[in-house]
Amino acid sequence: MFRKILIANRGEIAVRILRACRELGIRSAAVFSEVDRKSLHVRLADEAYPIGPAPSRESYLCIDKLMDVARRAGCDAVHPGYGFLAENAALPRACTDAGLTFIGPPADAMESLGAKTAGRQLARRVDVPTVPGTNDPIEKLAEAQSLAHSMGYPVLLKAVAGGGGKGMRVVDGDAEFESAFRDASSEAMNAFGDDRLYLEKYLDRPHHVEIQIFADAHGRVVSLGERECSVQRRHQKVIEEAPSPIITPDLRKKMGDAAVRLARAGGYVNAGTVEFLVDANLNFYFLEVNTRLQVEHPVTEQVTGLDLVKLQIAIAAGHRLPFAWESITPRGHAMEVRLYAEDPDNNFFPSPGKIISRQVPSGPGVRLDDGVYEGWTVPNDYDPLLGKLIAWGNSREETIARLRRALEEYTVTGIKTNVGLFRRILVEPDFLRGEMHTRWLDELLRRPRSAASPADQNQTGNSPSDAAAIAAAIWQASQWDRHACLSCSSADQPSRWKLEGRRAQLDRLP
Amino acid sequence: MFRKILIANRGEIAVRILRACRELGIRSAAVFSEVDRKSLHVRLADEAYPIGPAPSRESYLCIDKLMDVARRAGCDAVHPGYGFLAENAALPRACTDAGLTFIGPPADAMESLGAKTAGRQLARRVDVPTVPGTNDPIEKLAEAQSLAHSMGYPVLLKAVAGGGGKGMRVVDGDAEFESAFRDASSEAMNAFGDDRLYLEKYLDRPHHVEIQIFADAHGRVVSLGERECSVQRRHQKVIEEAPSPIITPDLRKKMGDAAVRLARAGGYVNAGTVEFLVDANLNFYFLEVNTRLQVEHPVTEQVTGLDLVKLQIAIAAGHRLPFAWESITPRGHAMEVRLYAEDPDNNFFPSPGKIISRQVPSGPGVRLDDGVYEGWTVPNDYDPLLGKLIAWGNSREETIARLRRALEEYTVTGIKTNVGLFRRILVEPDFLRGEMHTRWLDELLRRPRSAASPADQNQTGNSPSDAAAIAAAIWQASQWDRHACLSCSSADQPSRWKLEGRRAQLDRLP
Amino acid sequence: MRYEVQLASPSEQKNHVIELERDASGWRVMLDGRSVAVDAVEIAPHTISILLDGQSFEISVRPSPDAKLKLQTGTHEFTAEIIDPRAWSGRRHANVEAQGRQQIVAPMPGKVVRLLVKAGDHVEAGQGLLVVEAMKMQNEIRSPKSGIVERVLVREGQPVNAGEVLCMVA
Amino acid sequence: MRYEVQLASPSEQKNHVIELERDASGWRVMLDGRSVAVDAVEIAPHTISILLDGQSFEISVRPSPDAKLKLQTGTHEFTAEIIDPRAWSGRRHANVEAQGRQQIVAPMPGKVVRLLVKAGDHVEAGQGLLVVEAMKMQNEIRSPKSGIVERVLVREGQPVNAGEVLCMVA
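Chains as they are written, first to last, in the numbering used here: chain A, 86 to 595; chain B, 86 to 595; chain C, 45 to 214; chain D, 45 to 214.
Keep in mind the hints are simulated off the structure, nothing from the lab. Ideal placement from N, C-alpha and C gives every residue a C-beta, glycine not left out. Hints are not guaranteed to be accurate.
[What the hints assert, rightly or not] So, partial list: chain C residues that the calculated Cβ filter (under 7 Å) puts toward chain A:
{"no.": "1", "residue": "Leu51"}
{"no.": "2", "residue": "Ile92"}
{"no.": "3", "residue": "Leu96"}
{"no.": "4", "residue": "Ile103"}
{"no.": "5", "residue": "Val105"}
{"no.": "6", "residue": "Leu113"}
{"no.": "7", "residue": "Thr119"}
{"no.": "8", "residue": "Met152"}
{"no.": "9", "residue": "Asn183"}
Make the full structure from the sequences, and use the hints.
Take a look at the structure:
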């Protein structure tokens, strides 16, 4: 087993990886850019080393700096997390050159499966159905546009190098094609250092379902089942769950077999995800392979009981997969929401800044994969993902009830978060029935919203706005009236408010 | 199902119950004494009502006040949690009189099984082996002392009404008998409002193993398997796990059958725990029945996937148990540590006071059942339990590694906690082999401790004490030198420390 | 003491009259003429736990630079403007300038990566004006109204702070 | 700047010499003659994140009333006494009174529920002196030394504060 692992990432995934290292007795070496010195992953790691200024191209994307730290700190392996260099074959190649083990697939498999167009070509060779579109990166904008025109709009522009909704645009007609192309390639360049795009037909209301696969270096490839990821905003997944509410045992078997076939054909090793679209008739179409750990890996962990990061490390160390497909017995249902620093009331614009206060949920069936803390300033330089809240339950219904409960306990002040969005989604009848598709959330968000949510209206008694109005008056009064001061330091003394409150309350109960 | 449940408790268990209520869509009404106005259970409940001054006998133990709140707030059921009135048959009787459903066993079953001496009598009738001792409460101290003398010391004095180590004393000889009796009955009176004691032979190095049972009102009684609770300090459990490392499938079946037989004989309904001692030859002896939810119920929840509090509520509402014994398939291993406000370096004296700062663990396989928060003042009036940290893993080894990892992430300043004790226990070879007994921890604590723990010594480089020494010097320097001020409010600016640190670090890495 | 509280959320605006009355041992609260039992304590700086007839709410309260209070309970966010009998400042009118010339400001710090319009262009309500990159996302800033772009105050590549004026639409 | 730091934990006591030297851009740190790369930042009030040659530590620092610093990193707790070239106070000697008369103080607030000795009794080291109830537990306070109980300053039933003197053993 390894002695010390370099974690070539930041935020919640760096924390996730260092936790796995600690449980395995392996030392973790974190890296940090100038704005990340106080980040949670630096605080929790065994060791941490600076790698330059805030922009990722000068820090987290610098392979030379990472190799330098790995060498000096005495690391013997590198975990890339997701994003940044996780799907860049230059990193495993640099690791090999430096005598380090890369915790992920071999560079060749990454290229033959991970590059989106190459993956599509391979899928066709092994009879895995694909979404119609180009099999090569777009070279001439005009040609692509005329292909889009002939396939029929809407079409999707997608980054060859990417994932996570970056460098992706739906185009609804010729007029938008050019500007969408420019935006998407600019985003792709920023996110992955590669601006190449390709084109796909945009299917009507499909589910996004993906298969988690694992392959060891001894030829065994297994599927750990599917994740349903149809709830997306602007192609960015925001809720994921396992199992999918639409997948039958038979379809699960077929999709798992297709994923395993593809992985084998690509000489794949380690964790990977094969993404599919599933239409209303339960036909499935290959989309792409993500040659890395996914953001949403925890839902698979919660239903299988496996620790996917520890498995990745074991496989990279040459261990055999300790199980066959048949022995994986998923239990219950798991669902994840991605907590972002963004403002749902204002176009979901990013909301970096200082987290002034924070209460996090806990208790049965609740897991928080967190990358932030109270008092920390969320920087403007990276992805706005704060962390992930995951619930597990015996049934989809229990899981949703738990997630709602956990979201009610989660409060953040100082920055805006998308928590309110989830409280809204988790009571939508379509969602409760499992009837989502990849455009479902965008459509929901375009619908006008009633002034008060149903959850507020079925309450008798006082509403949150009553409480806010009274709190405002009390706050104001406490500014002048030092006898009733709420901000005084002897906060543990019963105040007059409190005493009166108790009396009045006992007097007034029905 | 119920509309609103009164939670007749405080602290982490009140929080646990209100979470279950919220997931079921049932409103929760909390109660609080004067020192608990700011407690977490009051913050998280849907409703909260004052019930008097700090001493439990004037608040949490006042059945009249509880019934009054339940009536005024419109509750239709009462959950007692554990401790306080949870095993006092007067509470279910008062509930019946007030037209409320008590979430727990019927008063009669509570008396025929819960009162320790009655439970022993019943066990003998249904051929469940018991530990030698008295079958009736002690009436005359002198008689009890002579019985103890004839059984042979050590003996155990135990509260008829109690559990949780309260009102319990090991007596090693005649000379200690009288003072131990006085201490134990005084503690019993304070904890349960009942000072009666009984006597048991103290077995040599037994394991404490208990069976979680559930019975519905329709005659079905099932066992949910065992919990191992041998790690105790002064008869107070501090670590619990499931499954037990010593229990074989055959023994599990036998103990489960005995527990179910006893519950049936006592007309038991709802959740209960049958406690046994198990000796080196795997003989088991009935100890007592706890006619309530246990502190350690989460370890059973983690391996069975069931939510025991929701099950309690469903059964109280008249639902049938939705499963038979055969369908319960435990998965993996779970372990809980009880986090107390106490000082392991000073006789484990209680350490109430204000929690100045706090970092809690999260991530895979970690659950925190918490009753406190940063900034809250732990009152002096109640049990020092702050919360429970629970880990789950595929194996006992993985579970212990996770728990160690989680404990490393858990920090509290302002009050003392027993976290350091667990870090010590979780590396003890006896513990890792599962070779604990009920006196094991007390013996461990009497052994002299080496100056540095092995965990520190196998580190190369700088030790925590190096870091502390440098931090002290830096702190001191920052008090005079405003250029290098660490306390300045522009904490996000790179300080000179930081800049130099980075340079020097890069210069100095091997 | 009688307070008029103008409470605004993203979806609606309501006015409340709150009377806080002191008696021998504390206060009595009337909300819009309805008597409410209130028990309010400070949980942490700027965080109040408040029991209204037993119902438990937790509210974070922060003064904002415009003298209003920002309140948050759960995901409900409110802005409160208080007309206080003893306050020196009178009623403010926040919505007066809702029509007419609109300043388009950056909603977050970032970098202008693309201008979609120039001065003099006619734009529709909802049409993109420019793209600001922040947190690795390209965020299109849209026009709140139909009209003419009067001025564009930034250029491509320029970093901007939250609240900085980007352009004006009249 | 040269600091002598006397660092005490429950199990041991060590002296360190720390040199903090300012150069053009910051500081250099020598710990007992060994050069250490140090990167220290404040994470929260009284909490320092410190990287020593890359190793990450987090330390809470609090001044205590006796002018010493209380430090905590993980479960390791230390008390630091700093002999500073610029400090007006000289070296303190904490352990001088370890022998001789011992004041027995309450380790936590609570209530005296039982006295086990009276003035004039001989006690052994480790023998119980009295029982204080706190947090629903009966806690026996024991004698740190063999000797004679000089005075008992509390009576049964009396509430006591943390640090309050309960009795004296000489």
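Okay, the hints, checked on the actual structure:
1. Given hint, C/Leu51 at the interface with chain A, holds; its Cβ is 5 Å from that chain's nearest Cβ, closer than 7 Å.
2. Interface restraint check for C/Ile92: the shortest CB-CB distance to chain A comes to about 5 Å, inside 7 Å, so the restraint holds.
3. Satisfaction of the interface hint for C/Leu96 is found here, the shortest Cβ-Cβ separation to chain A being roughly 4 Å, below the 7 Å cut-off.
4. Residue-level restraint check for C/Ile103 holds (minimum Cβ-Cβ distance to chain A is 4 Å; threshold 7 Å).
5. Because the smallest distance between the Cβ of C/Val105 and any Cβ of chain A comes to about 5 Å, under 7 Å, the interface hint for this residue holds.
6. Look at C/Leu113: its Cβ gets to within about 5 Å of chain A, closer than 7 Å, so that hint holds up.
7. The beta carbon of C/Thr119 is positioned within 7 Å of a beta carbon in chain A (closest approach about 4 Å), and the interface hint is therefore held.
8. Restraint check, C/Met152 versus chain A: the minimum CB separation of about 5 Å is within 7 Å; hint holds.
9. The beta carbon of C/Asn183 comes within 6 Å of a beta carbon in chain A, closer than 7 Å, and the hint placing it at the interface holds.
Violation of the numbered hints given earlier is absent; every hint is satisfied by the structure.
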